[in-house]
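Take a look at the letters that make up each chain.
There are 4 protein chains.
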Amino acid sequence: MRKVCVVIGSRANYGSIKSVMRAVQAHPGLQLQIIVAASALLDRFGSVVDVIEQDGFTPDARVNMIVEGETPVTMAKSTGLGLLELPTLFELFRPDVVVTVGDRFETMATAIASAYMNIPLAHTMGGEVTGTIDESIRHAITKMAHIHFPANQGAADRIIRLGEAADAVHVVGCPRIDLVSEIINGEGSDTDTEWLDREGVGGHISTEKPFLLVSQHPITTEYGQGEAQIWETLMALHELRMPTVMLWPNIDAGSEDVSRGMRKFREDYSPEYMRFYKNFPVETYLRLMKGAACLVGNSSASIREGAFLGSPAVNIGSRQDGRERGSNVADVDHERAAIVGAVRRQIERGRYSPEHIYGDGRAGARIADILSTTSLHVQKRIQY
Amino acid sequence: MRKVCVVIGSRANYGSIKSVMRAVQAHPGLQLQIIVAASALLDRFGSVVDVIEQDGFTPDARVNMIVEGETPVTMAKSTGLGLLELPTLFELFRPDVVVTVGDRFETMATAIASAYMNIPLAHTMGGEVTGTIDESIRHAITKMAHIHFPANQGAADRIIRLGEAADAVHVVGCPRIDLVSEIINGEGSDTDTEWLDREGVGGHISTEKPFLLVSQHPITTEYGQGEAQIWETLMALHELRMPTVMLWPNIDAGSEDVSRGMRKFREDYSPEYMRFYKNFPVETYLRLMKGAACLVGNSSASIREGAFLGSPAVNIGSRQDGRERGSNVADVDHERAAIVGAVRRQIERGRYSPEHIYGDGRAGARIADILSTTSLHVQKRIQY
Amino acid sequence: MRKVCVVIGSRANYGSIKSVMRAVQAHPGLQLQIIVAASALLDRFGSVVDVIEQDGFTPDARVNMIVEGETPVTMAKSTGLGLLELPTLFELFRPDVVVTVGDRFETMATAIASAYMNIPLAHTMGGEVTGTIDESIRHAITKMAHIHFPANQGAADRIIRLGEAADAVHVVGCPRIDLVSEIINGEGSDTDTEWLDREGVGGHISTEKPFLLVSQHPITTEYGQGEAQIWETLMALHELRMPTVMLWPNIDAGSEDVSRGMRKFREDYSPEYMRFYKNFPVETYLRLMKGAACLVGNSSASIREGAFLGSPAVNIGSRQDGRERGSNVADVDHERAAIVGAVRRQIERGRYSPEHIYGDGRAGARIADILSTTSLHVQKRIQY
Amino acid sequence: MRKVCVVIGSRANYGSIKSVMRAVQAHPGLQLQIIVAASALLDRFGSVVDVIEQDGFTPDARVNMIVEGETPVTMAKSTGLGLLELPTLFELFRPDVVVTVGDRFETMATAIASAYMNIPLAHTMGGEVTGTIDESIRHAITKMAHIHFPANQGAADRIIRLGEAADAVHVVGCPRIDLVSEIINGEGSDTDTEWLDREGVGGHISTEKPFLLVSQHPITTEYGQGEAQIWETLMALHELRMPTVMLWPNIDAGSEDVSRGMRKFREDYSPEYMRFYKNFPVETYLRLMKGAACLVGNSSASIREGAFLGSPAVNIGSRQDGRERGSNVADVDHERAAIVGAVRRQIERGRYSPEHIYGDGRAGARIADILSTTSLHVQKRIQY
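Residue numbers (our numbering), protein chains in the order written: chain L, 1 to 384; chain B, 1 to 384; chain H, 1 to 384; chain D, 1 to 384.
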């Protein structure tokens with residue numbers, strides 16, 4: 001029985017690998033090991049570890065590895081802290097394969113630990129193109145991974161052009177879409193409105209009326225501009241004055257800038273039409289995405305899950321540059337008037353037809369099957 | 001004036017960047033910053049930091065970052081330790097560009113720290129192909145670097161195929177060859193024989209007679225086989241019984257295995273024809289390479305400097321698989337009879353004509369010039 | 001010229017050592033080195049490093065060393081992170097003596113680094129008795145320190161009973177009191193009210209009317225009870241409904257519990273009579289202490305500076321158990337009715353006469369003089 | 001059932017706690033948890049972890065935490081590395097009490113991690129007096145420990161004078177003496193001579209003739225003098241020219257100095273009467289102590305186990321200053337003539353009568369009993 005160790009470092013991470021964890025847990029030839037780390041342990045980011053336990057998973061270890069500060073310095077140090085701790089745990093758990101997601105610093109720590117310890121590394125969400133430092137990190141991780149699970153053929157082609165062996169690249173779709181599919185095909189939940197009122201701070205939000213769902217993160221390579229960037233968005237929202245579900249940013253260099261802008265806006269404008277949330281259960285968030293009149297900000301979700309859901313979206317700034325997108329996305333700069341105009345046009349246009357650019361909802365099962373049967377090896381060689 | 005920070009982590013590192021350091025130091029538009037780290041600080045590896053100071057350089061900081069053990073676990077942890085410390089120093093020194101060499105764990109720590117801190121990273125020796133974990137690490141570092149200084153056109157082509165922007169790739173030759181050229185064109189040194197007798201342990205070595213120069217390192221992806229591998233080489237040397245200059249291995253996962261084999265051999269066979277060294281001044285080593293009847297082992301020097309020097313070499317095992325090589329190299333497996341045969345054939349054949357596969361001896365000056373003029377930026381985007 | 005390195009880890013730390021830094025800077029026989037670390041670097045705790053620079057000091061290095069989480073696990077890890085970084089900086093700066101303050105985890109990291117590196121360690125605020133883990137940490141640091149600067153004779157006696165050499169123990173008073181003295185003897189500042197309105201969040205506070213100054217921190221050995229404890233205080237304040245200057249807690253295991261309680265209270269009760277602050281310039285805070293009708297909470301300032309100022313104070317819970325106190329302090333349990341009663345009695349009673357229990361305002365100069373002349377040695381021996 | 005976690009960091013540590021581990025394992029009310037760390041994992045120090053497994057114990061985790069270098073800087077950093085890792089493991093294993101031994105840096109890391117995590121800490125070998133940095137570290141650890149197991153009444157008195165509660169101090173004897181007692185009362189082992197010939201390097205040693213057992217470690221507070229110090233001892237041994245069992249030094253700041261001296265001596269003098277060992281099975285070592293004509297060096301074993309065994313011993317230098325000792329010990333300075341004279345007098349004098357200064361051989365069982373019944377609490381308060 002192969003031991004598959006999944007390292008989860010954030011709420012986004014968890015949503016992106018949950019269907020894989022379920023499929024691994026259910027697979028007779030696989031044993032699931034779970035390490036919960038980084039911001040997934042922090043109250044400030046909604047204690048994702050509690051959600052993981054509520055979902056029926058049992059973490060095998062917890063690793064506090066965030067060096068506080070959310071600056072370029074602390075992101076580098078947090079990677080280092082992960083690299084000091086994960087080897088001890090990998091030695092303890094002796095996984096046959098490690099699974100890591102995306103392009104964050106805990107992903108990098110996981111990748112390097114696996115690489116040096118000669119543990120085959122499987123990587124999801126490789127081969128995509130974005131802005132920010134994530135772009136460099138993601139491709140660097142691809143060069144250390146042994147098994148690749150890109151979301152679509154474009155990403156797969158890019159991985160192969162990066163010199164990876166074609167037979168190690170498996171187009172499976174993005175596991176996040178598995179959850180989306182499940183929610184859409186599941187029954188609607190009346191409890192979400194209760195949840196929205198109970199959690200978060202700010203005004204009451206009615207999802208009966210057309211509402212906006214906003215999520216804007218700092219851009220690590222534009223460090224220091226986060227406050228000005230969010231301010232343009234907030235001024236646009238203040239002109240629109242629609243019911244607005246507003247998320248605090250991810251932990252990252254520059255988060256504090258974005259958060260500071262949001263706090264000032266809240267103090268100065270007391271926007272009664274807006275409610276602030278640290279975190280959402282994945283299901284609630286996806287239902288909000290499906291229900292929103294328009295998604296606003298620079299989250300990848302607008303592009304990835306948005307395509308599958310056909311949700312109108314306004315993508316602001318450079319953070320998602322280069323990411324393949326469907327017709328549901330309108331791109332604008334950090335400029336309040338442009339944001340207002342784009343949101344109004346999207347709302348008028350209404351919902352889009354679903355597009356399967358990032359998967360069809362069956363990625364988790366495919367990944368578990370491949371992990372149970374693929375040959376595992378560690379020596380790599382560039383394919384040119 | 002641009003501040004150029006060089007991070008040196010081992011004796012090999014230093015030899016590979018010394019001519020660049022000199023050129024940066026001499027350049028009116030550049031200021032040199034030096035961080036000496038990892039095994040370059042350790043007595044066990046010859047206190048390279050002392051050599052650096054004797055050469056007229058002043059280290060700006062020293063970072064002990066080796067987690068002892070030389071296992072896969074400790075290599076990963078050492079990377080982590082570097083990642084915790086280098087950001088503090090980069091923040092202190094505020095370099096405009098960081099220069100890192102090759103594919104070792106301290107190189108990886110340097111690369112990630114620079115990447116997250118938005119400091120442009122220049123990388124030498126990228127784009128080459130080898131065996132071991134170095135292969136993955138090297139290409140991953142390329143994906144984080146902003147300025148590439150490959151040794152030859154083949155390496156440059158590979159870097160561009162990895163999606164790097166062509167105008168960021170500068171074929172300059174390998175700075176190690178600069179030293180080789182200087183030594184060759186310099187006057188011979190009579191003091192080397194004194195040095196050979198004073199340092200090291202074991203029998204007296206006369207370099208008047210045909211002698212062998214042996215350097216064999218562990219292969220991280222073949223962890224656990226190092227003792228058996230060195231044993232084949234030692235048995236071959238014992239059959240040849242020629243004067244032999246023998247190096248202890250680099251610090252790396254598996255070094256202890258190789259060292260143990262060497263200690264046992266020494267205890268059991270008391271080979272009076274062999275002398276053991278921890279470290280060499282770069283100049284002494286190169287003169288030995290030039291003078292040796294045959295180079296033996298799996299060091300990259302036999303291939304890189306060996307081509308320039310025309311030194312007959314026997315390369316053992318997979319460590320240098322994929323590396324471009326000249327006609328001076330004969331490849332054999334870890335098999336004592338094969339090694340004996342290859343060495344005898346090479347000695348009979350004698351010296352080869354120089355080949356400029358890894359540079360012409362002017363890499364340092366070229367790199368300093370480019371560092372002083374190239375536009376510095378941090379956002380990267382894959383070129384396909 | 002002796003190099004004196006001060007390591008500052010928090011806003012409280014800085015207030016406790018600032019007069020020493022000034023005196024060292026002014027002393028012809030001493031050179032000041034400053035390392036700013038831990039929460040003193042964090043925006044969330046008011047970026048104390050900026051205050052330090054505004055005060056005319058130049059930090060020699062900054063060390064991010066807080067592992068985020070504010071749990072027992074992360075306090076231990078933060079100590080570890082400090083211990084990995086401080087040795088590199090001590091090696092770089094080569095201080096003749098290191099000065100550390102009090103009993104926090106960054107103090108412990110500083111002490112151990114100095115001890116192992118054979119650097120004489122001077123310690124302020126040793127020999128005092130309190131509750132929480134600080135009690136163990138403080139006395140452990142005393143056992144590693146070489147020069148002791150206790151605030152009063154009681155503390156000095158305790159240090160000597162701990163087996164320290166009497167001639168290494170200097171009763172100098174607490175350097176915090178130096179600042180208190182200076183403020184009191186300086187002119188009043190009209191700008192404070194502007195500051196109060198500009199900074200913080202919540203209602204407008206008039207310091208013309210009798211007002212409360214509240215500061216309550218978690219108790220690390222009562223981890224998990226912080227929210228219930230602050231709630232009793234908040235309910236008492238809500239009954240009193242006086243103008244209230246309210247501080248967020250220090251970073252420590254359990255801070256998040258206290259903060260959560262404060263956030264909930266603010267959301268649920270919208271207390272227009274209360275304003276929340278992350279941090280104060282030391283001067284502003286002391287003037288508030290002098291002006292307040294009553295100090296409330298469990299801060300040591302109520303006891304230490306409070307005695308010198310004669311400020312009526314209500315001390316809640318066990319955090320200050322064992323600390324020597326003047327007549328200005330009334331002790332109560334975490335019980336809302338008891339808190340209300342005690343505050344009302346203190347306000348009725350009015351200001352107390354100053355008591356010099358923690359110093360007379362000239363500690364900084366005394367410490368600088370001793371540091372410039374005392375013999376420095378590192379080998380210690382228990383004195384019994 | 002109480003979970004008792006023992007952290008083992010070196011070969012000396014293991015010998016000092018093995019009888020406690022056996023007793024805990026055998027106790028119906030206790031469950032043993034074992035973390036093997038630091039030099040106990042290193043091949044260079046004899047892979048003590050293998051011995052632990054051969055003895056029938058199963059390590060629950062392994063923590064590589066030595067930062068290589070053996071300098072003051074790396075000792076501090078190694079403590080930090082331990083502090084980063086142990087909290088993760090303590091959180092995973094949730095021990096009811098942690099047991100730590102003595103005064104080394106891994107002991108300090110264990111103590112601080114326990115203290116901050118509110119885990120009761122039991123400490124053996126506290127209250128003793130020695131030279132070197134160990135003196136400061138030991139008493140600092142006492143100030144963080146909750147349950148004290150001193151070896152004798154003098155040590156217990158000192159712990160109480162340090163302000164510890166008398167009912168937390170249990171005089172049980174030193175667990176090392178349990179092993180000594182067992183060996184002495186067991187049957188002699190003929191296999192030791194085979195072992196002596198098979199292991200180590202150097203000349204053949206006959207234990208039939210009067211032989212010396214030498215163990216000399218660096219003194220951390222006399223850093224830099226180790227080579228000169230060992231040289232005096234080696235010159236004395238060279239004059240005595242008796243069969244000599246010679247140990248390499250413990251890992252500690254300065255070990256490399258001592259080792260270098262030993263390597264040079266071996267190269268220069270080829271002492272055929274001497275054999276060098278990295279490590280001994282505890283049993284073998286104790287039988288050698290019992291059989292030796294004289295113990296030489298600065299190991300605490302000469303004093304502690306030596307008293308129980310009545311072995312003549314020559315203690316050199318300041319490392320054991322202040323430690324209570326029996327009549328079997330003669331103290332001399334680092335001076336070759338003095339060493340030769342003292343050894344000759346001791347050999348002439350012959351064996352001494354056993355003295356129970358450090359225990360009677362039943363410490364392990366006593367400690368297990370107390371750990372199973374004592375009340376566990378974490379808040380401490382100085383007792384004056």
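Mixed in with the good hints there might be a few duds.
Residues from chain B that face chain H, not an exhaustive set, calculated with beta carbons under 10 Å [unchecked claim]:
1) D60
2) V63
3) E85
4) L92
5) I160
Calculated cross-link-like contacts (lysine to aspartate or glutamate; reagent style DMTMM-like; alpha-carbon spacing at most 20 Å) [as the list claims (entries may be wrong)]:
6) B:K290 / B:D167
7) B:K209 / B:E272
8) L:K264 / H:D43
9) H:K278 / H:E91
10) H:K278 / L:D43
11) B:K278 / B:D197
12) D:K278 / B:D369
13) L:K264 / H:E53
14) B:K209 / B:D192
15) D:K3 / L:D60
16) D:K209 / D:E227
17) D:K278 / B:E267
18) D:K264 / B:E199
Hints were generated in silico from the structure; no laboratory data involved.
Glycine included, C-beta positions come from ideal geometry on N, C-alpha and C.
Against the structure shown, which of the earlier numbered hints fail to hold, in ascending order? 5, 6, 9, 12, 13 and 16
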